[in-house]
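Sequences listed follow chains A and B, in order. Mind the numbering: the first sequence is residues 620 to 830 in the numbering used here, read in order. Mind the numbering: the second sequence is residues 113 to 314 in the numbering used here, read in order.
No lab work stands behind these hints, which were simulated from the structure alone. Take the hints with a grain of salt, since some may be wrong.
Said to hold, decoys possible - Estimated spans, in silico, between C-beta atoms of each pair:
1) A:Leu-637 to B:Phe-304: 25 to 31 Å
2) B:Tyr-252 to A:Ala-632: 31 to 37 Å
3) A:Arg-633 to B:Asn-172: 47 to 53 Å
Idealized CB from N, CA, C, for every residue including glycine.
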Amino acid sequence: MTPDPSEVQALFARHYFLFAALATLGALQIAVSMGGFRGMWLLPGRLITRFAGIALIVAGAALFFLMPLWVDGPWAAGSVEADSSTRLWGKADWGDLGAARNVNDIDGGLSGTGQATWFPLSAVIAVVLSIAAGTVNRRLFPMRMAEEAAATEAADADIDGIDLLVTHSYRSALSRSWQRFRRDLRADAGALLSASDRWSVSVWAWRRWRS
Amino acid sequence: MGLEAVAQLNPIDRELVIWLNGLSGNVALIDDLARVIATDYLMPLVFSLSMFGMWFAVRNAAERAKAQYWVLVGISSIGLSNVAVVILNVLWSRTRPYVELDEIELLFYRATDPSFPANPVAIGFAAGSAAWVVNRKYGYWLFAAGLVYGISRVYAGVFYPTDVIGGAAVGILVTWGTSYLHRLFQPITNLFIRLVRGMALG
Numbered sequence: 620m621t622p623d624p625s626e627v628q629a630l631f632a633r634h635y636f637l638f639a640a641l642a643t644l645g646a647l648q649i650a651v652s653m654g655g656f657r658g659m660w661l662l663p664g665r666l667i668t669r670f671a672g673i674a675l676i677v678a679g680a681a682l683f684f685l686m687p688l689w690v691d692g693p694w695a696a697g698s699v700e701a702d703s704s705t706r707l708w709g710k711a712d713w714g715d716l717g718a719a720r721n722v723n724d725i726d727g728g729l730s731g732t733g734q735a736t737w738f739p740l741s742a743v744i745a746v747v748l749s750i751a752a753g754t755v756n757r758r759l760f761p762m763r764m765a766e767e768a769a770a771t772e773a774a775d776a777d778i779d780g781i782d783l784l785v786t787h788s789y790r791s792a793l794s795r796s797w798q799r800f801r802r803d804l805r806a807d808a809g810a811l812l813s814a815s816d817r818w819s820v821s822v823w824a825w826r827r828w829r830s
Numbered sequence: 113m114g115l116e117a118v119a120q121l122n123p124i125d126r127e128l129v130i131w132l133n134g135l136s137g138n139v140a141l142i143d144d145l146a147r148v149i150a151t152d153y154l155m156p157l158v159f160s161l162s163m164f165g166m167w168f169a170v171r172n173a174a175e176r177a178k179a180q181y182w183v184l185v186g187i188s189s190i191g192l193s194n195v196a197v198v199i200l201n202v203l204w205s206r207t208r209p210y211v212e213l214d215e216i217e218l219l220f221y222r223a224t225d226p227s228f229p230a231n232p233v234a235i236g237f238a239a240g241s242a243a244w245v246v247n248r249k250y251g252y253w254l255f256a257a258g259l260v261y262g263i264s265r266v267y268a269g270v271f272y273p274t275d276v277i278g279g280a281a282v283g284i285l286v287t288w289g290t291s292y293l294h295r296l297f298q299p300i301t302n303l304f305i306r307l308v309r310g311m312a313l314g
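Given the sequences, and given the hints that come with them, work out the whole structure.
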């Protein structure tokens, strides 16, 4: 039976979302371990967090490309040829695996627009999961003394934003950062406006509004 | 004029795509690897992840603000590269190599849109150009990834080499243009970064 493109698209969207969610979580873990933002680490150590990030990306890719072996889709063994419109529904075998995912979007493959929808959603989920894991980590594995000292120092220092996640949980970092953002918004906006190019549309609109 | 110059390269282009695609069918593992790299999902996700990771990876606050600005330029460039490719497709509807050349053994699905310029390569080079401004080495890695993506599609018989070169040029030029476009809308971009910093994520 020739697959229905809408059914194929729904299948591809589910699989792509799983792939993107694992890969974005992995990329985020590598990035925050490089930045030292402990409040978003999945695991307590920097190195182990980085390895977990790499493992998540590899797992996401492996799952996405190997799934046709055990999940029914438009890749039935023997029907996987270059032309994606003549495929049959079923499970792939090892020989078909390389080409199984190459389905034109008019035959149900996920278009660029579809990917552009699912990717940001997976990025948001990765950030939320990382914040939750970072919070649990901080409770389960209290910071070492040197880091505690740095945290106290940071409390008085002139820092905000993601920099606070080096020594603070997301909750306290958010509270301090948001307060500072609200307090400094006027001054920051003014400074940024005066630092903008003269031909900036915003500067032009600002000048017109003032005159 | 520029597109005619590309058309003049057709004989070399044809020979190159026939030669590269002619290497397929010998080692099944290499063919499968090319199919996986050429797929619509793997490399575009790599380019998106590269921008996502760049947002968080820098420790120094001033350098991070620069990196985050260029992430926004990169994301906009990826979108605008697609628009540029559609416009160029309208100007020159170049036929795919597997349609024109009998010698081609197609390893990919039959794409219905024009061949020039290579859209996926444009996206890779747009992300790579934005990354290159922040970190040269990182940018070169992304350029290499974009190039491998393009070569895999030539190997699969869906692009000519000049489509790949054209895609790379579109990606770089659009990113360059987008950086000016962002300056036109300043300080909105930096205010957005400031807002995300207020949410402890920037």
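Hints, verified against the model:
| no. | hint | verdict |
| --- | --- | --- |
| 1 | A:Leu-637 to B:Phe-304: 25 to 31 Å | holds (30 Å) |
| 2 | B:Tyr-252 to A:Ala-632: 31 to 37 Å | holds (33 Å) |
| 3 | A:Arg-633 to B:Asn-172: 47 to 53 Å | violated (40 Å) |
In this structure, the one hint that does not hold is number 3.
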